[in-house]
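Chains as they are written, first to last, in our numbering: chain A, 1 to 450; chain B, 1 to 563.
Honestly, the hints are just simulated from the structure, not real lab data.
Source: prediction; values computed, not measured.
Take these hints with a grain of salt, some might be off.
The list that follows gives simulated cross-link-like pairs (lysine-lysine, DSS-like), each with its CA atoms no further than 27 Å apart [stated by the list, open to error]:
#1 B:K194 / A:K118
#2 B:K109 / B:K214
#3 A:K186 / B:K422
#4 A:K185 / B:K109
#5 B:K385 / B:K419
#6 B:K422 / A:K181
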Amino acid sequence: MKRLGPCICFSLCASLLMLTVGCTPKEGAKYSQEDVAIEWAKMALHITQFTPSNSPTYASRAFGYISLTMYEALVHGYPEYVSMQGQLNGLERLPKPDPDAAYDWTLSLNAAESSMLKNIYVQTSDENKIRIDSLEASIYAQFSLKLDKEIATRSIDYGRSVAEAIFEWSKTDGGHRAYLKNFDKKMVHPERPGSWKPPLFAQSFSHYPLHPHWGSNRTFLKVDAEIPDPDYLPYDTVPGSAYYEEFMKVYRKDSILTQEEKEAAIWWGDDPDVTFTPPGHSFYIATLALEKMRPPMIKCAEVYAKTGMAVADAFIECWKWKYHFFTERPNTFIPKYIDEEWESFWPDPPFPAFPSGHAIQAAAAATVLESTLGKNFKFTDTAHEGRKRDEVRETDFVIRSFDSFWAAAQETADSRFYGGIHTPLDNRVGLEEGAKIANNVIALHWKKMP
Amino acid sequence: MNHYHTIFKAFLLCFITRGLGQTPFTDVTEAAGIKHEFHVFEGTFGGGATVFDLNNDGFEDLFITSGTSPDALYLNNGDGTFKNIYETSGLKITAGYVTQGVVSADVNKDGFRDLFVTTLNTTGGTQVIPRAKNLLFLNNGDMTFREATTEFQLDDFNSFSTGPSFGDVNADGYPDIYVGNYFQNFQGKLGVIKDATIVSANQTAKGYLLINKKGASFEDEYQEYGLTHRGFGFGALFTDYDNDGDQDLLVNHDFGYKAVPNFLYENLYPNKWFKDVSKETGMNLTINAMGSAVGDYDNNGLLDYYVTNIKFNLFMINQGLHKPFIDRSKELGTYNLAISWGANFADFDQDGDLDLYVSNGDLNPNCVPMANFYFENENGKFTEKGRLMGVNDYGIGRGSVVFDMDNDGDLDLLVVNQKPVKEYPVPSTTRLFRNDLAKGNWLKVALQGNEADKNGIGSRVEIVTGGIHMIREIDGGGSSHLSQNSTIAHFGLGNALTVDSLIVTWVGGKKQLLFDQKVNQLLLIKEIKGAHKNSWLIFLFSGFAMLVITAYLFSRTKKAKNR
């Protein structure tokens, strides 16, 4: 507070006043402040889903930057909160607001999100870009109505400058425009007993594994890249061995799948070709909770930023380990050693198995959400409600209810086991490592000490 | 360990097979002068071959696509050898393209077979998005061709095309084309390419239904005919599944369980419409359909379909009108693990029923050798005898075709193999297998259309002999994978000494009938002008002079070929 001049103090007070009265939209107003954060999260989900050639890896990265941008565009308007500048891996400088000038932080967020989305998803369709612009225009129209033009312009410029600075920083992380290099056809992968083989029952036409270099991308948090490698099992085809039994569990489970388990398997599939991807599902759950709880806008941004960065780092670490261990899927081991005709319930994604990407990112998100929004949040996930029945698997998309965020994460992990594409070990390690990554994110200096 | 074990096993099997010496089929590739391998652009894709008599000398020739490497045009010398005349053929333009599939028909009805070649891309280009036009070549009649892509208004179809096939959907005698496309098509040239264009390029694609406009041009009437599907297309097969005299359409799609499944369309000719009957016929297969073969394996008058797939293929049995097809691959003995592409029904041993050849190959760069299958039909059940027959080639197989390379009456085999991207323990080059197995009598029937297609594409030949009824459709391509078999119908007759009756159903439904035909001959049947649908009884044959039969009678039912 010491660094802020009286003007900004006044503007902050005004903002806070707006914030307290702005929990519900004023009469005639479309959006409350927290609505603005939530609407942009929903827009991010829409763009993620409807941009072709998207991948869980790229989507996770985009959510990381989109949500960090949301937080940074606001943070200086909330004295108790701390910027991530200097706390993240190489993010040393971000634009600062003029301490002597007034800002409307909602407009700052609005401009920042619009800018970041159009940059990080520059490959999306013109139609989607128009959609982004019209959300920005609609929010601007409401929040600039009775606002001094100069303040509005300053706020927008500031929001954009934050987004642009973060986008510039993003360019050096190894994942910039990575949708153009989903597969590295020249890379030579290990060929050894138990190594990953291109799937025959596949989700993707590519026989090359997805984003093999993703694990060397820069993590948002340095400390996440320093997490020790988990342990894997020694390859063994002898029945009774730990390795063999992992696959045997998948095989046995597949033969006794209940309808409910099949529903879980397809619900969490989150195929990047048709949905908002697995990280999108986590971002969706965060949105669902925020819509219900309706905390202040800055809190929404905090929840999104933590979720987004935890999930993004979870994917980087997960991919590092996937390519380090380069392990086979049940679809490779089981037909060879257990049952030649066996095929998983759900098709294989195009990358190695260990650890599970679904599990690691779901655990990362759930850990963040429980820490920020509480452990006992009950909710119903309607993400895929109304989707056409999966005729191939004779299974409907049935909405799911959970007593906690962790319960959803657990089902996300289990669903890959039901789908026959992950062993219990892949999932268990995924959940454990995801929680570690989230705890690192939570441990950042988010708020000033009282 | 297991990987090496598989390779070792494959090598051993190959060694044993080759080491055994004489097999009922003889690999004559080198002796015949065939030296070919398909060079991949992307491992899954390509290639194929078409069988056609390019100079009308009575010996069938071959065009084989080579992907990123120059294609091959093999002229059959008539003495068991072939000569690659690609360099002088006027087809060299194809070297500028990543070629995939090929089919042949007399597009302009001038008496010479023309060529249609599908492509994925141009070679040596720097295109961000791989796409190219498909290529049409007209046969000049002097063993040269000229490109007619632009003349036939096909140059704006910028596509990633896989399987082509000729058919005659409107029964006007001019062969039409279906093209399977794998990734989204573009119309015309691609201008400035934005990231958005690149990321949308790998979306599913519509096929093309190119209607031949009186031998002068082609027009895409996909939507006009009611086709709307977008999928990862591997082409389609024109076939009359419901025996009503017109050509229906069986469409193969990769990733059927994820994108769109296979489709079966009923041709509502003379209406300009394909009705989607996929669901009710049970042909909406949700598999990785790579190719299909058509044949009446049990001679019950109903055409069955063998559809190739990753892991296990499907043998779709026709149960008759208004009943769904049923997969009986397992009980019929054709349920063997592999990654299959080409498939050919043919009566290799000439015992009166259709055997089945299946060409297998890994996805390349994944390079685990897998042998091709030879399923011998033994009273309606199949036994895999690839090794015994000497055709269990371990190359990375794709398209396969059957034809009578030496005019000895039986069907020989050509399998197009890919050059492996990675190290591979056995040779993987295109193979030609001469049939030295067949002992039974045979009949070959070539059609010469007048109002119908010049080579009878879209028409069918049926014979009855000794109470057995057999059907053959004249192949316009799409039967097998990216390839086209001989257009000469072949029947194995076992011990039968005459063919009691022979019925030609010209596309559109007109019929011609012949009685008491000798065995072991090639019949050339010319279409009678003005014959009408369902009036075939009046064409009882014996007295009709206007039906010209050119018979090449072969005294040998089986010549000793192992010399």
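Verification of the hints:
| no. | hint | in the structure |
| --- | --- | --- |
| 1 | B:K194 / A:K118 | 14 Å, holds |
| 2 | B:K109 / B:K214 | 9 Å, holds |
| 3 | A:K186 / B:K422 | 11 Å, holds |
| 4 | A:K185 / B:K109 | 45 Å, violated |
| 5 | B:K385 / B:K419 | 25 Å, holds |
| 6 | B:K422 / A:K181 | 22 Å, holds |
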